[in-house]
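Participant: Spelled out, the chains give:
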Amino acid sequence: MRDSVRDLAPIFVVIAFFQLVVLQQPIPNFVDLTVGIVLVILGLTLFVQGLEMGLFPIGENMAYDLARKGSLPWLLIFAFALGFGTTVAEPALIAVASEAADVAAQGGVVGMDPESRAQYAWGLRLTVALSVGFAILVGVYRILRGWPIQYLIMGGYAAVVLMTAIAPEWIIGIAYDSGGVTTSTITVPLVTALGVGLASSIKGRNPFTDGFGLIAFASLTPMIFVMGYGMLV
Amino acid sequence: MIEVLKSLVATLGTTVWDVMPIILIVLGFQVLVIRRSIPNLKRTMVGFLYVLLGLAFFLEGLERALFPLGRLMAQQLTDPAFIFGADAAADAVHQWFDYYWVYIFAAAIGFSTTMAEPALIAVATKARDVSGGVISVAGLRIAVAIGAAVGITLGTFRIITGTPLHYYIIAGYVLVIVQTTFAPRNIIALAYDSGGVTTSTVTVPLVAALGLGLASTVPGRSPILDGFGLIAFTCLFPIMTVLGYAQLTRWRAGPGASSSKE
Numbered sequence: 001m002r003d004s005v006r007d008l009a010p011i012f013v014v015i016a017f018f019q020l021v022v023l024q025q026p027i028p029n030f031v032d033l034t035v036g037i038v039l040v041i042l043g044l045t046l047f048v049q050g051l052e053m054g055l056f057p058i059g060e061n062m063a064y065d066l067a068r069k070g071s072l073p074w075l076l077i078f079a080f081a082l083g084f085g086t087t088v089a090e091p092a093l094i095a096v097a098s099e100a101a102d103v104a105a106q107g108g109v110v111g112m113d114p115e116s117r118a119q120y121a122w123g124l125r126l127t128v129a130l131s132v133g134f135a136i137l138v139g140v141y142r143i144l145r146g147w148p149i150q151y152l153i154m155g156g157y158a159a160v161v162l163m164t165a166i167a168p169e170w171i172i173g174i175a176y177d178s179g180g181v182t183t184s185t186i187t188v189p190l191v192t193a194l195g196v197g198l199a200s201s202i203k204g205r206n207p208f209t210d211g212f213g214l215i216a217f218a219s220l221t222p223m224i225f226v227m228g229y230g231m232l233v
Numbered sequence: 001m002i003e004v005l006k007s008l009v010a011t012l013g014t015t016v017w018d019v020m021p022i023i024l025i026v027l028g029f030q031v032l033v034i035r036r037s038i039p040n041l042k043r044t045m046v047g048f049l050y051v052l053l054g055l056a057f058f059l060e061g062l063e064r065a066l067f068p069l070g071r072l073m074a075q076q077l078t079d080p081a082f083i084f085g086a087d088a089a090a091d092a093v094h095q096w097f098d099y100y101w102v103y104i105f106a107a108a109i110g111f112s113t114t115m116a117e118p119a120l121i122a123v124a125t126k127a128r129d130v131s132g133g134v135i136s137v138a139g140l141r142i143a144v145a146i147g148a149a150v151g152i153t154l155g156t157f158r159i160i161t162g163t164p165l166h167y168y169i170i171a172g173y174v175l176v177i178v179q180t181t182f183a184p185r186n187i188i189a190l191a192y193d194s195g196g197v198t199t200s201t202v203t204v205p206l207v208a209a210l211g212l213g214l215a216s217t218v219p220g221r222s223p224i225l226d227g228f229g230l231i232a233f234t235c236l237f238p239i240m241t242v243l244g245y246a247q248l249t250r251w252r253a254g255p256g257a258s259s260s261k262e
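First to last, the protein sequences are chains U and D.
If you're matching positions, the first sequence starts at 1 in the working numbering and goes up one per residue.
If you're matching positions, the second sequence starts at 1 in the working numbering and goes up one per residue.
If we strip away everything but chain D, and leave its shape as in the complex, we get (with noise of 0.2 Å):
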């Protein structure tokens, strides 16, 4: 139990020195730029501070629970001995469709943790908020997760086949800008948000363990060389499902409602 608060104390350091620049500039341009006081200042120091602790416990939590086992999964699912069998000659050619675990945890492991992801949430709420609920919160965070999901597999496959990271994110560039002419217009800055806040806290750590390991299985690639890229897919993908969403929720509305102006 001791051993738990003195991490959690050691976590909660990290986190307050982590926003620590946040804090020096929000209280900087409020005491000499603004020069007025925040309104329910009582209240909103309160709420700093559980966002603060919130941060810490989940951190220390993820830590503790998930990261390690997540971790450990990654490796041992991309393992020669895993996915090729133990008894399978060293010099076998291996097609990419070998690696299917591999692309199961992907989606899995993508779509979870993206679901789980604070900044999603935060984005979400306000979305809904100021969409008077139009966008709901759950309907956002599925369309961001799948995009995720869809993302991080295609980046297991870019690992394993070996080829350049950039004619994957220039076709989905291409990909985004087509959508972009056909989406309601309200919803595109919305949309291209969504790609920036699936990769912070639960994400990144998991999936980088992934790409890394894989790297380092596939015979021919280098793991830092071809283990970066997933986080860029992570980015990249949910835009697009973003949009379809969007797409999808008019028409089901109805095609009298895609006529309308907004």
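Pulled out of the complex, with its shape left as it was, chain U reads as follows (with noise of 0.2 Å):
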């Protein structure tokens, strides 16, 4: 609990500052502010608590079942599902798909009715998922493998360059701010608990070496992916 405050104080402190300083307002709705402050911290309290108890465990102990498994088809399997199903539902992505319908349809690539509209955004939700599902297999893959993680995030930006290069300009804001938007808070700490349990399973791989990375991939891939998606559409 102290520790929660401790993290939301800053947050506290910039909208007080602002609010009453630079742009002297009074704080508006004092109950509902409270009201919200105390759920914040609560809530923040509750989900620290659970990630040691509940997420953390079911990811590591996945990475260590599906390593004494052994299939590696299956493991593959499993790091792309978890890469797709988290992104596909993912509201942030949900919400910056529909503004990237907008913006396309301003630029007269899809027509103006929101049947073509939806259309689009829903092609561009499937191609992010695509993306971030193909990362997490890549990324588990580099961790069986022990490559060092630069050259393949150095790859990943000579590609995101060379795609900006050709693909339509009004979409390279949208795809690159799409590589931020797919990482959730759910799935951040069951990826990251993924590969670290992998890296401590295989033989030879160190879990703070080898074990961190899958998250770059994800917010990498995006980009490259959605950019594609702009020169086909």
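One should not assume that every hint holds.
Looking from chain U toward chain D, a few residues come up when the C-beta cut is under 7 Å (computed) [unchecked claim]:
1) P10
2) V21
3) I37
4) G50
5) L82
6) G155
7) Y157
8) L162
9) M163
10) T164
11) P168
12) G173
13) V188
14) S201
15) G204
16) S219
Chain U is faced by these chain D residues, among others (derived, beta-carbon under 7 Å) [said to hold, decoys possible]:
17) F29
18) F57
19) V130
20) G133
21) Y192
22) G196
23) V197
24) A209
Counterexamples of contact, computed for chain D against chain U with all Cβ distances above 10 Å [as the list claims (entries may be wrong)]:
25) K6
26) V9
27) G13
28) D98
29) T161
30) G229
31) R250
None of these hints come from the bench; they were simulated from the model.
Just so it is clear, CB atoms sit at the ideal spot from N, CA and C, and this is done for glycine as well.
Build the complex from these two chains, which are given one at a time in their own frames, with help from the hints.
Facilitator: Shown next, in the form of structure tokens:
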């Protein structure tokens, strides 16, 4: 509880300072604000508690069990399913996809009618989900093989730069942002635990050096895939 | 009170719905492929329940207290009347530094929301555990939060000046690659990861409001075309600050430590 208060204190200070000193407005709705702050603190405390008890063990156990099973195809299928499944329903992605459809409609790429816009947004969501599934799959394979992460990431960067040069200009902003919105609060701990668990159950891998990096791929591949989508549609 | 409970239950419902795919995939693999029961099943279930409840409380609290105020603030700070003064001539030419309060707000809100980001807390905890305490939770989080602050500030500068997004991102990539060649090898994967974890529950809604407000205020910017890009900045700059933090820790550990083999 004390940790949560400390974690959240900076936001309260920033908002109070700007509201009272810079904008010189009173704090509106004091009751709602107090209730909200109590809920935020309580929620963060519960979340952090549950992280160590539930989410980390789930991810790690699955990594151990799948590694012990020794079946590469199942491990890769699991990696892909986890990436795809957690992303396709991600609320932040749904919001960005519908905004992107508006941009595309304004640019005259798709029709202004709601139906073709919805179709475009759905295609974009599918593209991002596919790319995250692919990212987790590649990331897991990297952990198994022990490849150094920097070469793969640099390759990804090169692909982003190349795609930027040939993709239509209006998609670039959307594509760059779509990398960041894919990794939600539940996905990140689960995927991190999966990577670390995998690296610690394979001989010769260091959980610290090799276990991280899955999130990095998941924020990189959507940029490449979305620019590709912009070129195709 | 009743109303608070009602919307709390609604938020809990949405949260459960959002994590449904994860639950289905994990359960499906556990039952069909692994075919072994989870050790400490009860404790794990309770933990998962805590995560769900905690996230629902957290989101509900944010929606009730911080987001409305933060969004309003982003609007007011980017309002032409606030930035240029109420009596400013409409056709006056404004320089990028007229927006100084926007930059200060961007940096402050970027830092503080990143410090509170639950996903970052999770990654930092894990990093501390597997590094045997070499990486401190607070140290990593502060490094990431500084990165996010710098990124968002630079992102607002880009919206105000209207310069192309990809120049900044490509320059950022070059910097990351240069830093990678100098950084201690074992931190690299963690540093790359810290880009993606900054942008989840707390940061995205406030940052999006800031970008949108700014793009509709600055003359010549279109909110739908120029409002994008802030999240990309927030993802890129923490990589640099974490790599820098690692170099700093090694450098402080003394010249002998840097030559020791991993």
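Participant: So which of those numbered hints doesn't the model satisfy?
Facilitator: Going through the list in order, the structure violates hints 2, 6, 8, 9, 11, 14, 15, 20, 24, 30 and respects the others.
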